[in-house]
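Given the sequences, and given the hints that come with them, work out the whole structure.
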Amino acid sequence: MKNAALLVVDVQNALVEAKPFDIEVVISNIERLISTCRENSIEVIYVQHDDPVGEALEPNTEGWQIYSGISPLANEKVINKKFNSAFKGTNLKEYLERKGIEQLIITGMQTEYCIDTTLKAAFEYGFQVMIPERTNTTFDNGDLLASDLYHFYNFNIFQGRFGIVEPIEDTVGRIKNQGC
Numbered sequence: 429m430k431n432a433a434l435l436v437v438d439v440q441n442a443l444v445e446a447k448p449f450d451i452e453v454v455i456s457n458i459e460r461l462i463s464t465c466r467e468n469s470i471e472v473i474y475v476q477h478d479d480p481v482g483e484a485l486e487p488n489t490e491g492w493q494i495y496s497g498i499s500p501l502a503n504e505k506v507i508n509k510k511f512n513s514a515f516k517g518t519n520l521k522e523y524l525e526r527k528g529i530e531q532l533i534i535t536g537m538q539t540e541y542c543i544d545t546t547l548k549a550a551f552e553y554g555f556q557v558m559i560p561e562r563t564n565t566t567f568d569n570g571d572l573l574a575s576d577l578y579h580f581y582n583f584n585i586f587q588g589r590f591g592i593v594e595p596i597e598d599t600v601g602r603i604k605n606q607g608c
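Residue numbering for the sequence shown follows this note's numbering, starting at 429 and increasing by one per position.
Derived from the structure by calculation, the hints contain no laboratory data.
Beta-carbon label-pair distances, calculated as ranges:
1) GLY554 <-> ASN468: 19 to 25 Å
2) SER469 <-> ASN569: 35 to 41 Å
3) SER575 <-> GLN493: 23 to 29 Å
4) GLY588 <-> GLU490: 35 to 41 Å
5) LYS604 <-> ASP571: 40 to 46 Å
6) GLU467 <-> ASP568: 33 to 39 Å
7) GLY570 <-> ALA484: 17 to 23 Å
Result set (BS3-like, lysine-lysine): computed pairs, CA atoms no more than 27 Å apart in a straight line:
8) LYS447 <-> LYS509
9) LYS548 <-> LYS516
10) LYS521 <-> LYS505
11) LYS604 <-> LYS505
12) LYS447 <-> LYS505
13) LYS430 <-> LYS548
14) LYS604 <-> LYS521
15) LYS548 <-> LYS527
16) LYS548 <-> LYS505
17) LYS516 <-> LYS430
18) LYS521 <-> LYS510
19) LYS510 <-> LYS548
20) LYS527 <-> LYS509
21) LYS604 <-> LYS430
22) LYS430 <-> LYS527
23) LYS510 <-> LYS527
24) LYS447 <-> LYS548
25) LYS505 <-> LYS527
26) LYS521 <-> LYS430
27) LYS516 <-> LYS527
28) LYS509 <-> LYS521
29) LYS521 <-> LYS548
30) LYS430 <-> LYS505
31) LYS509 <-> LYS548
32) LYS604 <-> LYS527
33) LYS516 <-> LYS505
34) LYS510 <-> LYS447
All residues carry an ideal CB built from backbone N, CA and C; glycine is no exception.
If you want it as structure tokens, here you go:
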């Protein structure tokens, strides 16, 4: 994948510890993508949500920290955000443009909130978006089960409209082959 970056959105302790849908598989898949990207010189960018004081993702609390299983290296970019979109109120778009990034592999939490908003903004800004299967997750939401939300958003909203949803093996293969 040329001119690509991996976005890891809101994989923070408080959210992981709350046990969203299929979290063990999602974390394992994100770990695999991070490792593959690092081995193939694809930039890994972390997005970290900042909640107000007293909330689960209050800055500088244990819950706010990026999950230790996928922690950024010292030289990797971390973008802090206050909104669902990783682009709103941040320098993410300018950073990606400065680096010549054209393709984004988007992973993280939560499917129907920050993943949905971030990938739609990325699409609007002209980035090619890839969503490897089982690399985003969410929680039950009212009468909707997390598994249903995951499947509906990935295969009825994202796929073919805002990006490519593909098996993780395909994404890993693209990264290793450095081709789209």
